[in-house]
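Q: Use these hints to put chain B onto chain A, whose structure you have.
One-letter residues, chain by chain:
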Amino acid sequence: MNPDIQARLCLNERLTVEILVEFIREEVRKAGFEKVIFGLSGGIDSALVAYLAVRALGRDGVHAVMMPYRTSSPASLRDAQTVVDGLAIPHTIVPITAAVDAYFATVDAALAAQATPLRRGNRMARERMCTLFDLSAHFGALVLGTSNKTELLLGYGTQFGDLASALNPIGDLYKTQVRQLARWLGVPASILNKPPSADLWEDQTDEKELGFTYDEADEVLYQLVDLRRSAAELVQAGADERLVRAIVRRVQNNQYKRRTPVIAKLSSRTVGVDFRYLRDWGR
Amino acid sequence: MPDGERFLVALGQLRPRLGDVAANVARHLEWIAQARASGASLVVFPELGLTGYQVQDLVLDVARPLDHPDVVRLVEAADGIDVVFSFVEESDEHLFYVTSVYAADRQIRHRHRKVYLPTYGMFDEGRYFARGQRFEAFDTRFGRAGMMVCEDAWHVSSPYLLGLGGANWMLLPASSPARSVTDPEHFGSQKFWRNLLQVYAQLFGVHLVFVNRVGFEDGVNFFGGSGVVSPEGEWVAEAPQLHEALEFAWVDPQAVRRARYTTPILRDERWDVVLRELRRLAEPREGRVNP
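Same order as they appear, the protein sequences are chains A and B.
Numbers 201 to 483, taken from my numbering, label the letters of the first sequence in order.
Numbers 5 to 295, taken from my numbering, label the letters of the second sequence in order.
Chain A on its own, in the form it takes in the complex (with noise of 0.2 Å):
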């Protein structure tokens, strides 16, 4: 990576994690609630959520679930273990083969098709998305999201899947950031140094099926959204201009998923349109 970028990427940890603690604190008990619950797939951005969540409510306010399909790596279940055991939280795991497996012998009988690997792994993370706020609802926990800025803006995610949650603290916060803040918290090495992914099948990495790594794609994804600079200026000043155009048509293409259903306006106040309130509305 560009030395001038990463130096710009680069955080003030103890101030970050100051802010990030305060933020789950603060909107987990406006929301009503004392407790969180995400899920932990053993990789690097789960992991974070985790030590900021006990940092902010204690291990007692915190609940993990671990939902492995039999296809997960086991070193993914391991990798998760070490978090829980190292920061000694309650936890439940909840495989989700089961429930996918019957999904799909139903589905791909009634239309007589194999359903790809993307609609497998899409089912996966809704059936992990279901099971959360199902959990949610029993231990009286808010779900915390676990997707990074790059993911978000690469629209490498699960629409109402992984994508879902009530808040998410490391949602501002580059791969490379995350990476950064993961080993000032202490996450174990082992998560800290595997390739990223989102094991939905085997043998899968983030970076393999991104076609660029994340440093590329946070080095681009930097300067055009938080500089503001436009594909054209990078591409001049020496950037790969196939892996600018790459990255640049991901983030219009999933522009959707970071987004609210469309409404069609008839009235002269439609809501998420002119109908504009925050969130915090009577808390």
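Some clues are possibly wrong.
Unchecked claim - Computed, partial: chain B to chain A, Cβ under 8 Å: (1) M126; (2) P181; (3) R183; (4) S184; (5) V185; (6) D222; (7) G223; (8) V224; (9) N225.
Claimed, not checked - Every beta carbon over 10 Å from chain A, so not counted as near; a handful from chain B, in silico: (10) N199; (11) E238; (12) D276.
Think of the hints as simulated: they come from the structure by calculation, not from any bench.
Glycine residues also receive a C-beta, built at the ideal position from the N, C-alpha and C atoms.
A: This is chain B only, laid out in the frame that chain A set:
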């Protein structure tokens, strides 16, 4: 064509593609050619026809200075036909305006920068754009004209100033959304527009050429309903609601002549009184609207 003869106006009620300036320029050029071939002397396109309405953070991508090739292409197309089109204009100081241009004989004859930027309800223009500062009438081969862009017309002083500036007809490109669907014939927002245009046309003794876009942007629908209102307050022509259309209307300047003789409101206007009163009101005083 000498001043005073009737002329054919084409109303380019199109559906711009958000953020796709190249596609919108191409569309404008097609419709200009079509209007010319149909014998129109003037074609008018809606507000922000080159960019779409809710450009938001696309401003930096879609803004064009007046000498940008995209703008120049449309100005050059004003050959044998006058053309009114609108886009996000970037000034030398890098301020961004909602601008509408009147081009004739391959030259820019007039540029109007939208003065009133709605920033309330569903509108957020003040967040992105700089405000224009003038309502200036200008000469065309069809007589002296005035231009407003959408919300400009919701301030009665805009057509008033243009009228005093000598405008015999007025252009009004718009991107007005449809709101309220409980009335029998028109959308609530459209009904207001219709009343407004009829009153203005009669009050100022002018033809009003209203061109509103159609299509949806994130669920918000623009109603179209472009048309020309005569100084008698009658609709000379009317484009359909909701659908793209290149509609044609004859404008007869003689109607202005008759209206201004029959009801000489302009002649009797006491703008000396208005000026004096405005000066008096401009004195700072608690509890009064700030100028």
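Q: Could you run down the list of hints and mark each one as holding or not?
A: These are the hints, each one checked on the structure:
| no. | hint | in the structure |
| --- | --- | --- |
| 1 | M126 | holds (4 Å) |
| 2 | P181 | holds (7 Å) |
| 3 | R183 | holds (5 Å) |
| 4 | S184 | holds (5 Å) |
| 5 | V185 | holds (5 Å) |
| 6 | D222 | holds (5 Å) |
| 7 | G223 | holds (4 Å) |
| 8 | V224 | holds (5 Å) |
| 9 | N225 | holds (6 Å) |
| 10 | N199 | holds (16 Å) |
| 11 | E238 | holds (28 Å) |
| 12 | D276 | holds (40 Å) |
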